[in-house]
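Visitor: Residue numbers (the numbering used here), protein chains in the order written: chain A, 36 to 457; chain B, 36 to 457.
Be aware that a few hints might be false.
Claimed, not checked - In silico lysine to aspartate or glutamate, EDC-like type, Cα no more than 16 Å apart, as pairs: (1) 351/B - 376/B; (2) 224/A - 443/A; (3) 310/A - 371/A; (4) 55/A - 90/B; (5) 55/B - 90/A; (6) 310/B - 344/B.
Stated by the list, open to error - Which chain A residues face chain B? A few, computed with CB under 8 Å, are given here: (7) 99; (8) 104; (9) 106; (10) 122.
As the list claims (entries may be wrong) - Derived DEER-like restraints, expressed as beta-carbon distance ranges: (11) 327/B - 186/A: 47 to 53 Å; (12) 363/B - 141/A: 56 to 62 Å; (13) 332/A - 59/B: 50 to 56 Å; (14) 363/B - 67/A: 40 to 46 Å; (15) 426/A - 83/B: 45 to 51 Å; (16) 333/A - 179/B: 52 to 58 Å; (17) 367/B - 162/A: 36 to 42 Å; (18) 177/A - 331/B: 53 to 59 Å; (19) 126/A - 59/B: 46 to 52 Å; (20) 56/B - 333/A: 54 to 60 Å; (21) 186/A - 378/B: 57 to 63 Å; (22) 305/B - 67/A: 58 to 64 Å; (23) 332/B - 179/A: 53 to 59 Å; (24) 149/B - 220/A: 54 to 60 Å.
Please keep in mind that the hints were generated in silico from the structure rather than gathered at the bench.
Small disclaimer: the values here were computed from a predicted structure and weren't measured.
All residues carry an ideal CB built from backbone N, CA and C; glycine is no exception.
Number of protein chains: 2
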Amino acid sequence: MGLVVQKYGGSSVADAEGIKRVARRIVDTKQAGHEVVVVVSAMGDTTDELIDLAEQVSPYPAGRELDMLLTAGERISMALLAMAIKELGHQAQSFTGSQAGVITDSVHNKARIIDVTPGRIRTALDLGNIAIVAGFQGVSQDTKDITTLGRGGSDTTAVALAAALDAEVCEIYTDVDGVFTADPRVVKKARKIDQIGFDDMLELAAAGSKVLLARCVEYARRYNIPIHVRSSFSGLTGTWVRNAPEGGEMEQAIISGVAHDTSEAKVTVVGVPDKPGEAARIFRAVADAGINIDMVVQNVSAASTGLTDISFTAPKTEGHRAIAALEQVQEGIGFEALRYDDQIGKISLVGAGMRSHPGVTATFFEALSQAGVNIELISTSEIRISVVTRAEDVNAAVQAVHTAFGLDSDTDEAVVYGGTGR
Amino acid sequence: MGLVVQKYGGSSVADAEGIKRVARRIVDTKQAGHEVVVVVSAMGDTTDELIDLAEQVSPYPAGRELDMLLTAGERISMALLAMAIKELGHQAQSFTGSQAGVITDSVHNKARIIDVTPGRIRTALDLGNIAIVAGFQGVSQDTKDITTLGRGGSDTTAVALAAALDAEVCEIYTDVDGVFTADPRVVKKARKIDQIGFDDMLELAAAGSKVLLARCVEYARRYNIPIHVRSSFSGLTGTWVRNAPEGGEMEQAIISGVAHDTSEAKVTVVGVPDKPGEAARIFRAVADAGINIDMVVQNVSAASTGLTDISFTAPKTEGHRAIAALEQVQEGIGFEALRYDDQIGKISLVGAGMRSHPGVTATFFEALSQAGVNIELISTSEIRISVVTRAEDVNAAVQAVHTAFGLDSDTDEAVVYGGTGR
Chain A
36 MGLVVQKYGG
46 SSVADAEGIK
56 RVARRIVDTK
66 QAGHEVVVVV
76 SAMGDTTDEL
86 IDLAEQVSPY
96 PAGRELDMLL
106 TAGERISMAL
116 LAMAIKELGH
126 QAQSFTGSQA
136 GVITDSVHNK
146 ARIIDVTPGR
156 IRTALDLGNI
166 AIVAGFQGVS
176 QDTKDITTLG
186 RGGSDTTAVA
196 LAAALDAEVC
206 EIYTDVDGVF
216 TADPRVVKKA
226 RKIDQIGFDD
236 MLELAAAGSK
246 VLLARCVEYA
256 RRYNIPIHVR
266 SSFSGLTGTW
276 VRNAPEGGEM
286 EQAIISGVAH
296 DTSEAKVTVV
306 GVPDKPGEAA
316 RIFRAVADAG
326 INIDMVVQNV
336 SAASTGLTDI
346 SFTAPKTEGH
356 RAIAALEQVQ
366 EGIGFEALRY
376 DDQIGKISLV
386 GAGMRSHPGV
396 TATFFEALSQ
406 AGVNIELIST
416 SEIRISVVTR
426 AEDVNAAVQA
436 VHTAFGLDSD
446 TDEAVVYGGT
456 GR
Chain B
36 MGLVVQKYGG
46 SSVADAEGIK
56 RVARRIVDTK
66 QAGHEVVVVV
76 SAMGDTTDEL
86 IDLAEQVSPY
96 PAGRELDMLL
106 TAGERISMAL
116 LAMAIKELGH
126 QAQSFTGSQA
136 GVITDSVHNK
146 ARIIDVTPGR
156 IRTALDLGNI
166 AIVAGFQGVS
176 QDTKDITTLG
186 RGGSDTTAVA
196 LAAALDAEVC
206 EIYTDVDGVF
216 TADPRVVKKA
226 RKIDQIGFDD
236 MLELAAAGSK
246 VLLARCVEYA
256 RRYNIPIHVR
266 SSFSGLTGTW
276 VRNAPEGGEM
286 EQAIISGVAH
296 DTSEAKVTVV
306 GVPDKPGEAA
316 RIFRAVADAG
326 INIDMVVQNV
336 SAASTGLTDI
346 SFTAPKTEGH
356 RAIAALEQVQ
366 EGIGFEALRY
376 DDQIGKISLV
386 GAGMRSHPGV
396 TATFFEALSQ
406 AGVNIELIST
416 SEIRISVVTR
426 AEDVNAAVQA
436 VHTAFGLDSD
446 TDEAVVYGGT
456 GR
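Work the whole structure out from these sequences, hints included.
Guide: See below:
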């Protein structure tokens with residue numbers, strides 16, 4: 036009976052009833068003989084409400100102070116959760132990120148964990164107590180200021196603590212039953228995945244699956260921490276994310292799932308002189324503007340003109356900044372025009388097994404073709420194929436591909452308990 | 036131009052507008068050439084709302100976790116205030132009680148400050164920044180746990196920081212214009228006091244004046260920190276609380292003011308055997324129950340019976356516990372009965388000058404008599420006379436005494452800006 040780290044998201048602790056329900060689940064785990072460390076997010080909409088308040092006093096709040104403000108959210112939920120556990124007759128102590136030894140760099144609002152020194156957590160466990168830790172927050176190594184980890188930060192806190200404490204498993208509780216072969220809100224016959232490897236999970240997350248963020252999966256892969264994604268509203272086994280044991284006991288699926296993402300926009304740089312260094316100048320300009328790009332596609336240039344087109348996708352929220360950055364270098368690079376399109380969607384097929392199954396790409400494109408979906412961009416990795424289509428075609432495309440690869444369940448089993456999957 | 040510590044209460048920072056107004060006032064002080072340290076309470080009703088939440092999950096929340104919960108309140112207000120100041124073009128940094136070096140004992144919910152080590156505040160000031168510090172909270176020396184200072188804690192934080200930083204003045208901003216000769220809600224002609232010594236202010240606070248709590252005044256007296264109590268809603272000079280300079284430049288009023296208090300109840304122990312040690316046994320029983328008693332009165336015993344009555348007052352909230360504690364020892368001590376009365380009020384006349392003016396007591400009782408107010412208990416100190424009356428007589432008694440000592444203003448000058456004076 037080893038140490039279990041459990042992480043509960045904001046929708047699981049949205050009100051007093053939710054907190055009491057989570058407390059009972061934690062106590063059950065403790066009574067089963069485990070040491071228990073719990074990572075908790077802020078209650079329900081607390082973080083959004085605090086951001087609203089900040090914007091009322093300052094349109095662009097200072098990063099250090101925004102972190103100080105937002106970390107009040109987990110302080111509230113973790114203290115209430117510790118009280119609720121004590122009410123059930125068990126000892127619990129809450130710890131801030133700083134008290135739990137979550138040491139980060141100094142980049143406010145999106146700090147990275149650089150060390151975890153959980154001495155106080157270890158002491159609490161040795162005393163037989165349950166430790167409740169604030170997710171999403173840490174303290175900077177250099178300035179001793181409070182930091183936050185950005186989107187998905189609480190999941191990363193949980194995995195990082197699990198690694199530092201040598202936990203048996205990191206359980207991520209959410210409002211769905213696990214990771215599905217496609218978004219259950221789009222594909223009624225999506226199936227819950229029982230087991231999935233880190234690589235496949237990482238590609239699914241990067242391709243738009245919302246259940247786990249890539250950052251947290253990366254951390255778990257690096258330290259080989261098994262993650263169990265499961266629902267806090269049911270007692271069901273969820274999805275195990277872990278590497279196949281030596282010897283390969285874990286069955287290797289050809290395809291793990293279909294992910295989609297409609298949060299990106301497409302930028303096309305038209306008429307780029309086809310000579311060495313031009314692409315580099317384009318992407319240097321975009322990178323200097325701090326924009327994260329996703330897919331990049333360049334075709335062969337037309338022989339008649341010596342010009343080529345380069346397309347890339349980036350989050351819609353950063354699209355206009357990308358255009359502005361490129362307009363500044365248009366004259367120097369000498370491309371003809373810029374096109375911006377935010378009515379696109381991306382569909383990705385992920386599976387480590389596709390390495391050894393050459394027919395996968397053909398089946399994927401046939402399915403899209405039969406569904407009448409036009410493909411605008413294509414990008415592949417060793418275990419993923421992604422295409423960009425019109426945004427309005429995304430749902431039909433996901434369903435067609437899901438069916439074509441035999442992923443459909445016999446029943447409509449997917450259950451969404453509410454919330455947005457975060 | 037020295038260092039100024041300013042403290043703003045919850046009603047001054049109740050919403051975004053309040054925070055912006057306070058930010059402008061802080062910037063004005065900075066621009067006048069002062070170093071500025073600001074201590075801030077939680078916004079408006081935040082603390083009460085958090086206590087409500089706690090009670091929803093646990094009727095008697097654990098002290099450590101309640102402190103963790105409540106300290107989220109100042110975290111929110113101080114971060115927002117720092118943002119609002121930056122919006123006005125000045126540099127500000129917020130600090131938790133722990134970061135500000137407020138070291139306390141380990142008594143959760145009513146910790147006492149045992150040291151202040153404001154190294155980070157000093158560094159922020161040296162960089163030319165404005166430091167915003169969370170009131171009401173600290174960190175325990177032994178366990179490094181978060182603590183809160185209990186009622187009036189933010190005022191105490193401000194005075195303690197002012198002492199540790201050798202401030203020129205500690206300004207306490209509230210929703211009234213200063214300390215008045217009586218509660219302006221009871222006496223329309225109450226006058227604002229321009230200057231008052233620490234001893235008088237301490238007696239007024241102990242006697243029920245709500246503007247400053249005794250604990251904060253005691254701290255200021257010990258370290259000789261001048262306090263300036265003033266309104267955050269007006270630009271007026273308020274009340275200076277400080278000792279007369281050597282040589283006595285400060286005019287010594289005979290009477291500083293009239294305080295009243297209707298928050299206490301009276302307990303009478305009837306028929307106590309009049310022999311040594313009986314009173315001690317009674318008050319030991321009450322003290323062991325953790326009850327703070329205020330006035331104690333014992334009259335001479337009736338010669339015929341050898342029995343006496345002992346009365347004391349204590350907060351109404353603790354009255355029933357006092358009765359329960361005494362009932363447990365009734366048989367051992369052998370008193371006849373207990374009487375409990377929560378329909379009482381206390382009126383106190385305070386003034387260091389009364390030492391040298393023997394007519395004060397007579398004038399006080401004459402004023403009460405002429406107002407038809409019956410006196411039930413009397414208690415005096417060197418610079419205070421207090422009486423207990425019926426609760427319904429308190430307002431008339433305060434007005435009569437205020438007039439009798441010539442404290443009435445020529446005009447109805449007292450202005451209350453809203454809130455409860457805290």
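Visitor: Hint by hint, note whether the structure agrees.
Guide: Hints and how they fare:
Among the hinted pairs, residue 351/B with residue 376/B is consistent with the structure: their alpha-carbon atoms are about 9 Å apart, no more than 16 Å. At roughly 5 Å between alpha-carbon atoms, residue 224/A and residue 443/A fall within 16 Å of each other, so this suggested pair holds. Of the supplied pair hints, the one linking residue 310/A and residue 371/A holds, its CA atoms being roughly 15 Å apart against a limit of 16 Å. The straight-line distance between the Cα atoms of residue 55/A and residue 90/B is roughly 12 Å, inside the 16 Å bound, and the hint therefore holds.
Between residue 55/B and residue 90/A the alpha-carbon distance is near 12 Å, which keeps this suggested pair within the 16 Å criterion. For the hint linking residue 310/B to residue 344/B, the alpha-carbon distance of about 12 Å falls within 16 Å, and the restraint holds. Checking residue 99/A against chain B by beta carbon gives a least distance of about 7 Å; that is within 8 Å, so the hint holds. Interface hint at residue 104/A: satisfied, since its Cβ lies 4 Å from the closest Cβ of chain B, which is below the 8 Å cut-off.
Proximity of residue 106/A to chain B holds as hinted, the smallest CB-CB distance being about 7 Å (cut-off 8 Å). For residue 122/A, the interface hint holds, since its Cβ comes within 8 Å of a Cβ in chain B; the closest pair sits about 4 Å apart. Separation of residue 327/B from residue 186/A is about 50 Å and conforms to the stated range, judged on CB atoms against 47 to 53 Å. Between residue 363/B and residue 141/A the C-beta distance comes to about 59 Å, which sits within the given range of 56 to 62 Å.
Our hint of 50 to 56 Å for residue 332/A and residue 59/B holds, since their Cβ atoms are close to 53 Å apart. Checked against the given bound of 40 to 46 Å, the beta carbons of residue 363/B and residue 67/A, roughly 44 Å apart, stay inside it. One distance hint, 45 to 51 Å for the beta-carbon pair residue 426/A and residue 83/B, holds here, with the actual separation near 47 Å. Against the hinted window of 52 to 58 Å, the Cβ-Cβ separation of residue 333/A and residue 179/B comes to about 56 Å, which satisfies the hint.
As the Cβ distance of residue 367/B to residue 162/A is approximately 40 Å, the hint placing it in 36 to 42 Å holds. With their beta carbons about 57 Å apart, residue 177/A and residue 331/B fall inside the hinted range of 53 to 59 Å. In this structure, residue 126/A and residue 59/B meet the distance hint of 46 to 52 Å, their C-beta atoms being roughly 47 Å apart. For the hinted restraint 54 to 60 Å between residue 56/B and residue 333/A, the CB-CB distance of approximately 56 Å keeps it satisfied.
At roughly 59 Å, the beta carbons of residue 186/A and residue 378/B sit within the given window of 57 to 63 Å. At about 59 Å, the CB distance of residue 305/B to residue 67/A agrees with the hint of 58 to 64 Å. Range check, residue 332/B to residue 179/A: Cβ separation about 54 Å, and the 53 to 59 Å hint holds. Hint check: residue 149/B to residue 220/A, Cβ distance near 56 Å, so the stated range 54 to 60 Å holds.
Checked against the numbered hints given earlier, this structure breaks none of them.
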